[in-house]
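Visitor: As a plain string of letters, each chain reads:
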Amino acid sequence: MNTKPIIEIRSISKSYRIGEAKDYYSTLRDSMGTLFSKKARQDSSVFWALKDVSFSVQAGEIVGVIGRNGAGKSTLLKILNRITEPTSGEAVIRGKISSLLEVGTGFHPELTGRENIYFAGAILGMKRKEIASKFDEIVQFAEMQQFLDTPVKRYSSGMQVRLAFSVAVHMEPDILLIDEVLAVGDLAFQRKCLSKIHETARRDGRTILFVSHNLDVVQSLCDRCVFLEYGQVQSVGPTEDVIRAYMARMNSAASESRIDFPSDETKMFELSSVMLRDSEGAPETVIEAGKPFSIEVEYIVRGTEPSAFWLVAQCMNENGTMVFGSIDTDNNPTLTKNRMPGSYRAIFTFPNSGDLGLNVGDYTLTIRIHQDPTREAIFSFRIEDDIDKYIHRAGVVFTSAQWRVSRLGE
Amino acid sequence: MVLVIRPKRTFSWADLKELWQNQELLYFFTWRDLKIRYKQTLVGIAWAVFQPLTTMAIFTILFGMFAKIPSDNIPYPIFVFAGLLFWQLFSASLAQTSNSLVANQNLLTKVYFPRLLLPVSSIFSNLVDFAIASVILAVLMIWYGFIPQLWGLLILPLLIIITSIFAVGLGLSLAALNVKYRDVKYALPFFIQMLMFVTPVIYSPSIFGTYSWILAINPMTGVIKAARAALFGLQPINWGLLGLSALAACIILAIGIIYFKRTERYFADLI
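Top line first, the protein sequences correspond to chains A and B.
6 is the number that my numbering gives to position 6 of the first sequence; each next residue is one higher, with no gaps.
48 is the number that my numbering gives to position 48 of the second sequence; each next residue is one higher, with no gaps.
None of these hints come from the bench; they were simulated from the model.
Beta carbons are placed, not taken as given, at the ideal position from N, Cα and C, and that holds for glycine.
It is possible that some hints are incorrect.
Said to hold, decoys possible - Computed footprint of chain A on chain B; a stretch qualifies when at least three of its residues, placed anywhere within it, have a C-beta under 8 Å from a C-beta of chain A:
(1) 18-29
(2) 36-47
(3) 102-115
(4) 259-271
Said to hold, decoys possible - With the Cβ distance kept under 8 Å, some of the chain B side facing chain A (calculated, not the full set):
(5) Met1
(6) Val4
(7) Ile5
(8) Pro7
(9) Lys68
Could you build the full structure based on these sequences and the hints that come with them?
Guide: Dropping the structure here:
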């Protein structure tokens with residue numbers, strides 16, 4: 001074995017010309033217009049998705065890539081995966097590379113489960129023989145023997161996810177790139193996948209580059225982490241240190257008690273403002289231990305028909321552990337698929353009490369509309385107990401639960 | 001295995017080698033095309049029989065019976081069918097190749113494979129329809145008392161190759177262009193229809209008299225002319241014309257590959 005790193009990234013940068021990016025495509029007439037006027041060309045500004053990113057990964061390492069939305073994580077993976085090319089810089093990869101795809105990529109709705117396993121396997125770089133030899137294992141892992149000859153379009157989305165993962169998890173590349181995918185699917189199956197990935201990675205000395213928002217998973221899976229912000233590497237190192245640096249960054253970025261977004265009428269779902277209030281209803285970022293607090297969210301739903309819509313609140317502590325998650329449809333299940341157009345106000349109250357409450361420390365609260373990942377309100381708040389009203393032990397929560405002690409004999 | 005990722009790739013022979021190494025994926029793309037094509041249709045593969053037969057019948061009535069277009073002493077139905085056979089292979093392949101990237105954008109933006117595979121695989125599924133139509137032609141020829149010539153059949157693979165090279169060559173440029181400018185999608189059916197009128201499908205190039213060489217610029221002219229000469233055996237094959245067609249097709253393919261490779265790195269960003 002050589003000791004050269006298996007992935008070596010040397011000052012990779014990637015720029016997009018704004019307006020060229022994503023769902024926009026030009027017509028010939030548009031670009032003929034710009035062909036003759038230099039001015040129009042210069043007007044288009046350049047956006048650097050990645051800037052001078054360098055780091056390397058040793059064989060057998062599991063490395064996490066973390067950072068906020070738009071930090072460049074996915075672009076980095078796309079470059080390593082050869083889906084898009086860097087604008088400058090280079091990456092050297094010493095081994096067979098493959099990626100765990102977004103759910104259902106390569107799946108065709110008209111094909112049956114069996115046919116899709118073969119096609120998805122082939123496009124992921126498996127040979128026909130390899131797929132055939134692993135076929136039974138894949139089917140068994142996905143737990144769907146009886147639906148093999150049903151077209152995938154009749155599968156529930158959960159079933160599609162399971163099948164897609166099973167195929168991907170059974171590949172045997174030297175390097176596996178994973179992007180967020182584990183955020184979907186049911187929890188039990190997610191865990192099954194994670195442990196399978198973990199197990200095979202350790203056993204075969206596989207290298208994994210793992211992009212995720214879920215810091216808990218990153219923490220349990222990764223040896224090292226890379227923290228990206230605005231397309232640049234902020235820190236690289238042992239997972240715990242990097243996550244701490246990341247959380248500190250998140251906390252310093254926002255200590256307002258109210259976040260207002262500029263109005264944007266092109267948005268189908270628009271998050272307008274979010275406010276954090278203490279038990280008295282005053283806007284506050286310092287919350288007294290053992291007192292409830294609430295989040296007030298204002299948003300607008302556009303369109304002419306009821307939409308599928310839900311609001312997500314997530315809270316993490318300073319180590320990046322998820323403390324709680326809540327969705328506004330949790331106690332209004334009928335609202336999930338038919339949110340009427342209009343403007344709304346929603347108030348979420350966290351029943352922080354003296355019997356069971358968040359421990360003192362710094363927290364990050366994220367609010368977003370699930371259907372619009374481009375906006376999220378991030379708050380940092382602190383739980384304080386100035387007068388030591390409660391006893392605080394180590395842990396995410398403190399409790400004033402009673403110990404009843406009785407002496408049973410001598 | 002060491003892979004270096006860096007900007008600015010243009011065409012190199014390594015690309016063709018990579019294409020060759022991915023034969024299996026090429027097979028899977030073709031297999032998927034075929035599987036999907038006739039799923040959830042009532043009569044399935046019968047469309048491959050019905051379509052050319054109906055086209056032939058209509059053309060025979062309009063151009064053979066009413067317009068009385070001269071067909072070099074060959075019964076008009078088989079004359080036009082021989083032309084349609086290659087024309088359909090060309091036009092269907094061209095249309096599919098040109099749309100292959102846009103139609104598979106979810107793959108392009110999420111997984112790596114040699115991009116050339118998509119347009120190239122579009123050819124193979126159309127060969128199946130071609131094979132079915134060929135059988136129909138053979139039956140029709142026997143019906144009209146023409147026994148297909150053995151040496152004429154031998155030249156068919158060559159004609160298929162030239163047709164495919166032309167269709168893929170043109171399709172590669174159009175597919176790459178289609179990624180950036182969706183105008184291609186709207187212009188293409190119109191373009192294909194125009195192209196059919198300057199190709200001797202429903203008529204014989206001899207009706208142009210001394211100007212018939214102009215048609216030779218279009219590689220399909222040489223192909224269809226050679227196909228009729230070989231199958232019906234009433235005229236000698238014009239090897240010079242066929243050679244010219246082959247050359248033109250190869251030049252178009254070379255331009256297609258170079259343009260495709262030059263624009264390839266933007267596909268995922270633009271599509």
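Visitor: Against each hint, give a clear statement of whether it holds in the structure.
Guide: Now the hints, each set against the structure:
no., hint, result
1, 18-29, "holds (count 3)"
2, 36-47, "holds (count 3)"
3, 102-115, "holds (count 8)"
4, 259-271, "holds (count 5)"
5, Met1, "holds (6 Å)"
6, Val4, "holds (5 Å)"
7, Ile5, "holds (4 Å)"
8, Pro7, "holds (5 Å)"
9, Lys68, "violated (42 Å)"
The structure is inconsistent with hint 9 alone, although it conforms to all the rest.
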